[in-house]
Amino acid sequence: MPFRAFDQRFEDKAAECRSMIITDEPFDVADPTRQGGGTGAVKVVMRASRLTAWAKPEGTGMHHIRDVAHEKIGSDLGFDLGLPVAAVVLSTKTGGKNLHSTVALSYEMLPGGRPLNQIPSDAKAKLCTALSGIFVLLAWIDDHDHFGASNAHFEIVNAGPRLSFFDWGHSLTKQWAIPGPAPDRPHWTNPAFFGPLDQGAVGAILKRIEEFPIKELECIVGRIPADCLPFDAQNQLVQALDQRRRDLRRVLNLAGAP
Amino acid sequence: MTTMPVVRISRISFQSDMTRGDAPVIPFARILECVWPDVLRWVGLIGRTRLMPLELDAINLETWPEFREPHALLSRLWDEGWNAEWGLAGAALETVWGRSALSVVTEPLAGLLPDCNHSDADAALIEAHPILWARMLAEENHLKPKLIAPVTEMRLRQPTRVQPTAARSETALAEAA
Chain A
1 MPFRAFDQRF
11 EDKAAECRSM
21 IITDEPFDVA
31 DPTRQGGGTG
41 AVKVVMRASR
51 LTAWAKPEGT
61 GMHHIRDVAH
71 EKIGSDLGFD
81 LGLPVAAVVL
91 STKTGGKNLH
101 STVALSYEML
111 PGGRPLNQIP
121 SDAKAKLCTA
131 LSGIFVLLAW
141 IDDHDHFGAS
151 NAHFEIVNAG
161 PRLSFFDWGH
171 SLTKQWAIPG
181 PAPDRPHWTN
191 PAFFGPLDQG
201 AVGAILKRIE
211 EFPIKELECI
221 VGRIPADCLP
231 FDAQNQLVQA
241 LDQRRRDLRR
251 VLNLAGAP
Chain B
259 MTTMPVVRIS
269 RISFQSDMTR
279 GDAPVIPFAR
289 ILECVWPDVL
299 RWVGLIGRTR
309 LMPLELDAIN
319 LETWPEFREP
329 HALLSRLWDE
339 GWNAEWGLAG
349 AALETVWGRS
359 ALSVVTEPLA
369 GLLPDCNHSD
379 ADAALIEAHP
389 ILWARMLAEE
399 NHLKPKLIAP
409 VTEMRLRQPT
419 RVQPTAARSE
429 TALAEAA
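Chains as they are written, first to last, in the working numbering: chain A, 1 to 258; chain B, 259 to 435.
Calculated from the structure, these hints are not laboratory results.
There may be inaccurate statements among the hints.
Said to hold, decoys possible - Some, not all, of what chain B presents toward chain A, calculated at C-beta under 7 Å:
(1) M276
(2) T277
(3) D315
(4) N318
(5) G356
(6) S358
(7) R393
As the structure is a computational prediction, the values presented were derived from the model and not from experiment.
Ideal Cβ positions, reconstructed from N, Cα and C, are used throughout, including at glycine.
This is chain A alone, in the form it adopts within the complex:
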């Protein structure tokens, strides 16, 4: 059951990002004159590949530093589940850019993407499978920020419409009071945004999550730099993710999903 439909060059980039934690490739801010866009991210251009990405968090403040961890973990989990998420890699080459010493770089994956809440209904119907898969991932990581605004894109190409989800800042430890278990509550979402779910896709992703190797989960979380997510919080986050996936069917049932 295919969920991803990126161009091959971006599939290659995604595989590369999944295999590493920090890139050596320098980057430049795309528009240095711009002071804060209000999106919490700064658009950058990678110096060698000329690919564009969004650096998070914006500014040098520490209060959003866990976004770096959330961006990378959300992207890696989505990639391993085969879902249409943007590739993310960390960078420490942030000197002189009004950025924190470590940022997450979230690549643009669709050349002509536009916000998902503007998608025509016929195209959205064709994306039911991919949206249903993403819905389950959002429930697992307890994401509260994807309701159809500007952090999910679609694009229509000859093969049909395709998706790219990004921005995992408002998930994981932003929602869960670490230390402590993940809250046993219904998954928050906007039903109008996700529409009717593809039960087969929901079941397939649920199965992949339930069978996700715990060692791989520990690896994904455990390689985050400690200045973005302290070691004790990493261990607690692995436990919370492990616990929540066991409850995921019930959590989704509570929200009216299968």
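Given the coordinates of chain A, assemble chain B onto it according to the supplied hints.
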């Protein structure tokens, strides 16, 4: 009225390939907004009602059908900006279109208007309007087509020279003799 006006300009453009930093950026519109908080608001929009064929080729019209009718898209952008809270026309557009190929970048324009201490809003507007209007029209220079067909140099046709043939030469020699 002693409050200072706040002026912002929003540059709206289309990134022909937002995954590449060196892809052409097609300029589309500008929104200029000036607000005297809680007193007066001035909003202007200038944009392109027609795009060049090469620019349309660079836009994925399946994903962005609005560019088939640029004027209607300009009207929509105007409505979204005008209906936003005062001073937040550009921010509202960024919220709607944020991070997408239709890029909206807003920045303040400091020092455009002189210090004004007018006692009433009408006087402030009379002084500010021509300045704002001229500033907005100046943006026309930044709204020129980005992608146009390359100008090819036409080769001048060389006049054909008639070379004398051997037979003609012989005839000419015979006549001369």
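So, going through the hints one by one against the coordinates:
1. M276: holds (5 Å)
2. T277: With Cβ-Cβ at 4 Å, under 7 Å, it holds.
3. D315: Not OK, violated: D315(B) not within 7 Å of chain A, min 12 Å.
4. N318: Since chain A brings a Cβ to about 4 Å from N318(B), closer than 7 Å, the hint holds.
5. G356: holds (3 Å)
6. S358: Holds: closest Cβ of chain A sits about 4 Å from S358(B), inside 7 Å.
7. R393: Because about 17 Å separates R393(B) from the closest Cβ in chain A, which is outside the 7 Å limit, the hint is violated.
Checked against the numbered hints given earlier, this structure breaks hints 3 and 7; the rest are met.
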